[in-house]
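This is what each chain is made of:
There are 2 protein chains.
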Amino acid sequence: MREHGGNLDHAQQRFGGRAEAWIDLSTGINRLPYPVGEIDAHHWQALPSRSEIEALHQAARHAYRTSAPIVAMGGAQAAIQLLPQLAPRGRARILAPTYNEYAPILSAAGWEVEEVGALDALAGANLAIVVNPNNPDGRRHAPKDLLALLPHVGYLVIDESFVDAVPDVSLASEAGERGLLILRSFGKFYGLAGLRLGFAIGHADDIGKIAAASGPWPVSGAAIAIGCRALRDDAWAKATSARLARDCVRLDDMVQPRGWTLVGGAPLFRLYETADALAAQEKFARGQIWSRVFAQKPTWLRLGLPGSEPEWLRLAEVLAR
Amino acid sequence: MREHGGNLDHAQQRFGGRAEAWIDLSTGINRLPYPVGEIDAHHWQALPSRSEIEALHQAARHAYRTSAPIVAMGGAQAAIQLLPQLAPRGRARILAPTYNEYAPILSAAGWEVEEVGALDALAGANLAIVVNPNNPDGRRHAPKDLLALLPHVGYLVIDESFVDAVPDVSLASEAGERGLLILRSFGKFYGLAGLRLGFAIGHADDIGKIAAASGPWPVSGAAIAIGCRALRDDAWAKATSARLARDCVRLDDMVQPRGWTLVGGAPLFRLYETADALAAQEKFARGQIWSRVFAQKPTWLRLGLPGSEPEWLRLAEVLAR
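Residue numbers (my numbering), protein chains in the order written: chain A, 1 to 321; chain B, 1 to 321.
One thing to keep in mind: the hints can contain errors.
A pair holds if it fits inside one copy or across any two, identical chains being indistinguishable in the list.
[Said to hold, decoys possible] Straight-line C-alpha distance at most 20 Å; calculated SDA-like pairs for lysine to any residue:
1) K209 <-> A109
2) K283 <-> D40
3) K209 <-> R2
4) K144 <-> K238
5) K297 <-> A275
6) K144 <-> E3
7) K209 <-> P84
Keep in mind the hints are simulated off the structure, nothing from the lab.
With the hints as extra help, turn the sequences into a complete structure.
In structure tokens:
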């Protein structure tokens with residue numbers, strides 16, 4: 001398996017401690033999740049019905065401010081797995097560095113894959129991929145710049161896994177145009193990555209193709225029950241976005257005395273330039289805080305945001321050691 | 001979407017009533033499910049780790065009496081969606097009539113699909129599909145007869161979605177041989193279809209290919225938590241198998257006075273030959289019991305097994321009308 005955040009089992013194997021004792025900041029998953037509440041027995045027992053899946057789609061359209069065709073899937077990752085089937089194989093260009101699943105999945109399916117460093121360089125691709133805001137460096141692209149690129153590529157896939165707290169960055173409201181495909185993650189902003197829920201939004205033909213490849217019951221009953229509630233809870237989303245914005249500043253301030261500089265970030269994670277990221281990761285790990293390093297970038301350390309006050313305190317203590 | 005059982009929303013639209021008031025016998029899902037219990041917050045919030053997924057695989061190997069390579073998926077259906085990718089497209093033969101997803105999924109992916117009526121007629125196919133016990137007619141094939149077919153086909157896919165209560169019919173213990181792929185459903189026998197959990201078992205190369213296509217987080221944290229518990233609970237499985245065997249006899253006896261004859265069945269459903277299945281379905285529906293009919297077979301009515309005593313009583317009342 002490729003290297004990912006959230007691999008807390010590796011941290012435990014190396015540094016010990018029960019999983020519950022660790023603070024996992026190796027991902028960009030909100031640590032103050034949407035309340036799961038009671039799941040009705042029906043959602044565990046029955047196959048999800050078309051009406052239930054359609055209600056989930058409507059809730060997602062509400063949250064994502066779009067009226068475009070949409071399909072629920074087992075996480076944004078499930079949509080990424082299907083990208084090679086979107087079009088006849090050809091030339092894919094990926095705005096890099098970014099999430100490390102795109103290149104190998106497309107390559108394995110016979111696509112010619114090129115990683116490029118600037119938006120302009122995506123032009124001419126049969127399939128162009130932009131993560132916006134980008135993971136891990138938080139780079140953002142204005143919707144108008146992305147729309148300007150659309151006529152110059154076959155497909156433009158915008159992975160908006162980290163956009164929820166900065167909705168003005170999203171292109172979801174423009175979805176429905178041919179060639180534009182938006183991927184959304186539910187689990188990161190709502191702090192429920194274990195639920196496995198995400199969405200693809202786009203032109204009816206493409207969404208139909210993705211839905212057909214996903215099958216009649218692509219998500220669980222619990223994902224439908226919780227997703228329908230969470231995606232309609234505007235007050236929670238607003239309060240969470242505001243809290244995350246404050247917490248980003250708090251984290252940036254906390255690490256500053258160590259001399260780390262901010263490479264960039266989205267509202268769910270911060271990427272810092274350090275002298276030695278592996279050394280920093282080990283230091284955190286001895287305090288049972290897990291962070292993310294990048295084999296190709298030995299000075300980069302990515303930290304998710306702590307949730308509760310005790311988590312912030314532990315982070316401060318470890319930083320002070 | 002293709003016609004399936006479990007489409008209770010259609011029944012409600014036609015016949016009214018709240019979903020909770022209906023007894024859904026249109027599927028082969030156990031109506032006395034494995035107890036869901038408490039789901040630890042961790043399983044909702046975190047991405048499933050490799051260790052957790054491996055623990056689920058071990059629990060499934062235990063339940064299915066196999067040591068072969070295995071991969072967890074979002075239901076047996078998720079494995080079916082990937083079948084076209086198992087081998088270069090060619091000639092698929094399906095032992096029919098059977099579950100109605102195989103033929104269209106393979107056809108849509110460019111396979112030449114032929115439905116055949118006898119096991120022998122599968123020989124010569126690049127991909128042969130047998131549902132064992134079969135849905136909807138309960139036909140069973142002895143493991144030795146299936147193994148004898150193996151050298152005469154490219155791939156032999158055995159869908160064992162309904163085998164749990166009759167484990168001697170399963171070929172899972174023989175899995176691992178090249179060309180043999182076993183699909184298992186968790187949700188039917190354990191009565192938790194909304195959880196979306198199933199498994200593919202087979203040769204390491206094929207399981208590796210399916211795992212790669214499924215991505216790093218193919219199932220939810222809840223599916224891992226509940227699956228690990230349920231698949232290790234031998235006492236529950238044994239008691240449930242015995243109860244289902246008794247309940248099959250009870251249902252067959254109950255419908256006999258109507259003159260219906262048993263076409264066949266598995267421990268989770270019964271298929272009856274009736275004078276007019278649509279009329280029977282309507283009669284049941286007016287008592288808010290939903291059943292399954294088949295457009296191609298106007299005399300076939302499939303009934304799942306009621307769960308609680310009140311459900312059995314309501315069925316008896318409706319039958320007596």
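task: Just pull the numbers of the violated hints for me, sorted ascending.
output: Hints 2, 4 and 6 not satisfied by this model.
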